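Residues per chain, in single letters:
There are 2 protein chains.
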Amino acid sequence: MINIAILGYGTIGSGVVEVLGLNGDSISKKCGHEINIKYILDLKDFPGTPIENKIVHDFNVIANDPEIKIVVEVMGGVEPAYSFVKEAILRGKSVCTSNKELVAKHGAELLALSKEQKVNFLFEASVGGGIPIIRPLNQSLTADEIEEITGILNGTTNYILSKMTDEGADFDATLKEAQAKGYAERHPEADVEGYDACRKIAILSSLAFGMQVDFEDIYTEGISKITQTDIKYAKAMGARIKLLGTSKREGNHVYAMVTPMMIFQNHPLYSVNDVFNGIFVRGNVIGDVMFYGSGAGKLPTASAVVADVVDAAKHLGTNIMTIWSSKKLELSSITHAKHKFFVRIADSDAKVKDKVKEIFGDVEEVVAEGVENEYAFITQPIDEDTFAKNSSKIDHIVSKIRVRV
Amino acid sequence: MINIAILGYGTIGSGVVEVLGLNGDSISKKCGHEINIKYILDLKDFPGTPIENKIVHDFNVIANDPEIKIVVEVMGGVEPAYSFVKEAILRGKSVCTSNKELVAKHGAELLALSKEQKVNFLFEASVGGGIPIIRPLNQSLTADEIEEITGILNGTTNYILSKMTDEGADFDATLKEAQAKGYAERHPEADVEGYDACRKIAILSSLAFGMQVDFEDIYTEGISKITQTDIKYAKAMGARIKLLGTSKREGNHVYAMVTPMMIFQNHPLYSVNDVFNGIFVRGNVIGDVMFYGSGAGKLPTASAVVADVVDAAKHLGTNIMTIWSSKKLELSSITHAKHKFFVRIADSDAKVKDKVKEIFGDVEEVVAEGVENEYAFITQPIDEDTFAKNSSKIDHIVSKIRVRV
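Read top to bottom, the protein sequences are chains A and B.
In terms of this note's numbering, the first sequence has 76 at position 87, counting the first letter as 1, and numbering is strictly consecutive.
In terms of this note's numbering, the second sequence has 150 at position 161, counting the first letter as 1, and numbering is strictly consecutive.
With the rest of the complex left out, here is chain A (with noise of 0.2 Å):
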């Protein structure tokens, strides 16, 4: 029998104690012990509950209990989590957690430390819910170079994006829709502006790449100003908005960035839609995968915690995990990252075209049912800064968004 704890017993860590009560003797059996949850560390009582017994409030009960084997970490935020982590880890038992602030911030740190103690420090469920991505980065593409991961990591803005292109809303509205059903929060910024999207990026890049990524230097813009002339463009040319983390190397460089971006029926990340995530990967001899699943959601990210939880359970006194370098990865400025760029100019004037192509030289013309007063056009693909020089010729700007190439 293997001893565990939870920190928090909000929704993943409900939904964890739901699994391994629900799978619990398969789980027994695929991991050669049984699980038992010794104590959940809890501000509130939970009086009259199945686990009202296994409720404490102070970390030290379970830091000092050596029977405590691993400590699963699902309070989300990085204090008073971090500290509870390093202490558990110290202390040599293993920690599994959902917390991608948490790992974003201080990943690097604390997987030299589980190293040095032979305990292990897994982090599945930071990432992508449910879906399978870290422990496939790393012990099943180690045979590739990773060149490139591109990552729906959202399922909000995933799903707002998706009413506004099915249901015709706008922003706002879909935005309010999607709080009324608990699928945005009420203060919805991590999600609608790219933060989140940004942490998870930043894990997937330090990891991939071998070396700390820095969730402040990634580029990061959200969803809040796409409108529903912008969808109308895009269904036009068969294309979806999409909030796109990504990291790329290119040559020995690699860039970052969160942005909203049009992609074409021929990328898999197309049909990723409402509240799944995917997630995809390019290496030099896989070629290119994606792996697709709930990217948020209690059960879903309680297995991939409770997985966690039998890996680490199955390799006590083992260190497991590749670690990525707390030496920082110097990302390089988007400024050579080449897309082409969808604009829209508030002046359909015949001289603005004129401008356009002596500015841009051969663009393509985009043209949506019921828009009008206003010229639309697809560059060839240029860099960032070209596009920055460019644009800031040309006035009435009302839009920009970046097209995969």
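For the record, the hints were derived by calculation from the structure and aren't laboratory data.
Quantities reported herein were computed from a predicted structural model and do not represent experimental measurements.
Just so you know, even glycine gets a beta-carbon here, dropped at the ideal spot from N, CA and C.
Take these hints with a grain of salt, some might be off.
Label pairs and their calculated CB-CB ranges [stated by the list, open to error]: (1) 351(B) / 239(A): 51 to 59 Å; (2) 178(A) / 227(B): 33 to 41 Å; (3) 166(A) / 351(B): 28 to 36 Å; (4) 13(A) / 358(B): 49 to 57 Å.
Here the structure of chain A is known, so what remains is to put chain B in place on it, guided by the hints.
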């Protein structure tokens, strides 16, 4: 340094050599050891090539060399692969294979033997080419009870069906084109009749349900009877026809089958086209996940083989695979499997509609542009047995294709 031997210098074998050459440095780093190819077993000599000095013709040279810790079996076919692999395991060597015939036929035995010998028998490349699916099933989805696995597991048939859909040609012409491009073999039966997909779904089912699923027990239909008219109807419904290998648990029963099926846009496998493979897994807590990528090809398959070599090298002396029991899983007959059925009758007389209604109850008529003198419909969800009984009462049925509900 870890010495390995490769059995077979064909497409995959030469791919393994290429991948280890191309990414050797990063592979050594992830692995913690340099991987050295000491021998390559082949009937031919390859004079004047860089591997000339590694070639041996006698497997005993490899079996008798205690320096060889890992054997890569990429010969294909059951014999002599089976004898060589068994001997290697008995001599304390781990084996990594891409050989689906071998794994489907002898997987349970070789897994049990490798557990006894404290070595590993790994076969990521035997299903889905480069796509990580065996390791995720074995190590990531451990918190779940698997309810269903459904896959587009054969790139050749997916290419043919995609081309028939996109280009409007019939089966024979498309097969010829696929053969000319090297996407189909000269003797294409293993692919087009579903035998290849059958072995792969047998392997996945054995792993998912933990018991030996014999491929001979799996109901298998290929795609050679699919016509352009069927495709036209599918398009009219917004569906695509895919060759799906599926196994499902319903209560205590598991059934498995390989058949062409119509699927709709709301299913993630709908967007898996051309030579790509997709493997959809439904777990009781993770919900739906899908793994997508190149299901074949020299480098993607070699990528999966080399990833297994890295895993074997990191785990010398420790068995890491969950075994599936050699106890046979008695598949339940598909007679109780429920789907909708798409049916075409070569009779457009009004009376036939009445008869269909009398026998099948409410059905949905399907009309495809340019198809005349027939009546086509989709049934309500009914089981295979009921369908067979009912359809035997109707004359002139031209084709029936299952429809995923």
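Status of each hint after checking the structure:
1. 351(B) / 239(A): 51 to 59 Å: holds (58 Å)
2. 178(A) / 227(B): 33 to 41 Å: holds (38 Å)
3. 166(A) / 351(B): 28 to 36 Å: With Cβ atoms ~34 Å apart, the hint holds.
4. 13(A) / 358(B): 49 to 57 Å: holds (55 Å)
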